[in-house]
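Asker: Here are the chains, one letter per residue:
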Amino acid sequence: MAVKTIKVDYLARVEGEGGLKVVIRDGGVASAELKIFEPPRFFEAFLRGRAFSEAPDIVARICGICPVAYQMSAVQAIEDALAVDVGAPLRALRRLLYCGEWIESHTLHVYMLHAPDFLGYEGAVEMARDHGDAVRRGLALKKAGNAIISLLGGREIHPINVRVGGFYRTPRRRELQPLAEELKAARDAALETVQWAARFDFPDRERDYEFVALRHETDYPFYEGRIVSTSGLNIAPAEYDAHFEETQVEHSTALHAHMKNGGAYLVGPLARYNLNFDRLSRLAKDAAREAGLGPVCANPYRSIIVRAVEVLYACDEALRLIDAYEEPERPFVDVTARAGVGYGATEAPRGLLYHRYEITTDGMIKDARIVPPTSQNQPSIEEDLRRFIGGWLELPEADLRHRCEQTVRNHDPCISCATHFLRLEVEHAS
Amino acid sequence: MRKRRPKLAVWKFASCDGCQLSLLDCEDELLAVANALEIAQFAEATRASVKGPYDLSLVEGSITTAHDAERIREIRRNSHFLVAIGACATAGGIQALRNFADVGEYLSIVYARPDYISTLATSTALSEHVAVDFELRGCPINKHQLLEVVSAFLAGRRPIVPAHSVCIECKLGGNVCVMAAHGTPCLGPVTHAGCGALCPAYDRGCYGCYGPMETPNAPALSAWLQGLGWNADTLKCVYRTFNANAPAFRDESERHDGAP
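Respectively, the protein sequence lines represent chains A and B. Just so it is clear: in the first sequence, position 57 is 62 by the working numbering, and no numbers are missing. Just so it is clear: in the second sequence, position 198 is 182 by the working numbering, and no numbers are missing.
Derived by calculation from the structure, the hints in this document are not laboratory data. Glycine included, each C-beta is placed from N, C-alpha and C at the ideal position. Don't take each hint at face value.
[Said to hold, decoys possible] To give a feel for the contact side, a few chain A residues facing chain B, derived at Cβ under 7 Å: (1) C68; (2) R134; (3) L144; (4) H163.
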């Protein structure tokens, strides 16, 4: 009996630490596990007993790559509990801040984490030796996203300007103008990014995902909307717990989410794109079509193009928001503590991010629940491995291992959000 | 012949990834850094993995498992110069809130099967486990200070990273004092500089994410904050955030724990 084991101690170019184990028996994939052993950090536990006003600063620390997403879902949920409506101008400003995070986070993934898989490099720095212009374009684009977050949030990582009720300080119109100039150049770079990524070679792999994403009356969703799915789910964020559940598995310190009717599902760029193509700007739609994407894309390897399309959309949308910006009368609306339960759902770059808070009469957090996108995607990532790598089992070990890693990276897992550690073991058993 | 480039390694322990991301956020300088140093180990950025010893190790995150306590000793053995980056690595991070609570209870709040989870009862700074050559503060660190640390290493000099308070940064930046002018409670007088006094520049009080400055007088500040309306419970919480286990903040939060 020949047993072959391929092992990588630390999966690179993902956020956080983890591994995976694939067992191959009789020429087929017998099982695939995404292993996450990141030491837990217990955010939901230590939010208890803290003032609601502290939540935006605390939950930001869940993830250094998408802190804005955590802040946005938190303020939305807490404002829901406290029956506060911040009004259209402040909502627009939050949406602008979110544009910055999408540009920064997606560009990081497209250029630095994912593209090296397609072009055959260990990382972006190595890739820069042969593709210097592309890497520099990516860095400039990422910088434009960070410029939005720095201006509105104070700094790129763990912004300090977000509060329940709005912002501490809102910008003057003239402060946004230099940003608009940078974003016009970024929009061109984003369009080139779509065209660049579209020229990569993509494995011919598709499957029938159950996509779950927000959907909004008019906007491509990131800050708000109802939760919808491919099979027709259409619920308010408050109904999330009735339709989704999280369970614990032994091989992961991140909980796995399922739909209560039993199925794995997928959140993130593919889900948003497939459920909201009609909400993209004309420029983004045209670029997607020219890149060979229809309104539906079920090949996760092509998610790099979808991310690029979303970056293009975010640049476009940020410019629209800056153009329409009216300085709010006050940077925040007043908030009064009262007992209640509130729900928030926004679209983090990696997908749906659900928060629920229970607040006491004196404004303390009694209970918090946070479901990050990567928790929700773990079962689908494992299913991708089971379904997709079958055709590659005859490849040399290093190539097969690389295909496995690429298959995981398709979904930009943020293990820091979900918790961490990825160890790759491919076991050949016959 | 070109001189051998020093080997740079970037390591991660319990953390949010934000401090190592700061290096990738140096969009204008990243390729120059990669030119001056050989990136030998940086899992978030590259699959390449070059064996040690490493000339410069940047370490993010706190120690929360027995395995990680062993891993940091191994990294220390393999590193000529080891720099702790960020509040997790220099003070245990926000996850050090467990140090004030019962971890078993935390586990059962988050996990249905706590027996699957291996964790220490505490989250601690790297310096409690190994010798650290330099500590760069902040949650997150300031990327310009990170570049200063790397440049200083390359030039063979000490990094210029002031240890005075955020108050000095406000004065240097021309900010109006939010506490004096608006009565807004602010931790600036006891907090380590480095952020550029961001919060006061955005009309809010500093919340101490860079941890204690070199000679803080927290009890004196607390008396002022009480005068501005903060009670003992609030005071306990404000010192107990991202640098909760830094001694000056830990002691001050404990002074208000259970106080009337």
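Asker: Each hint should be assessed against the structure and marked as holding or not.
Answerer: Hint check results:
no. : hint : result
1   : C68  : holds, 5 Å
2   : R134 : violated, 10 Å
3   : L144 : holds, 4 Å
4   : H163 : holds, 6 Å
In summary, the structure is inconsistent with hint 2 from the numbered list given earlier, while agreeing with all the others.
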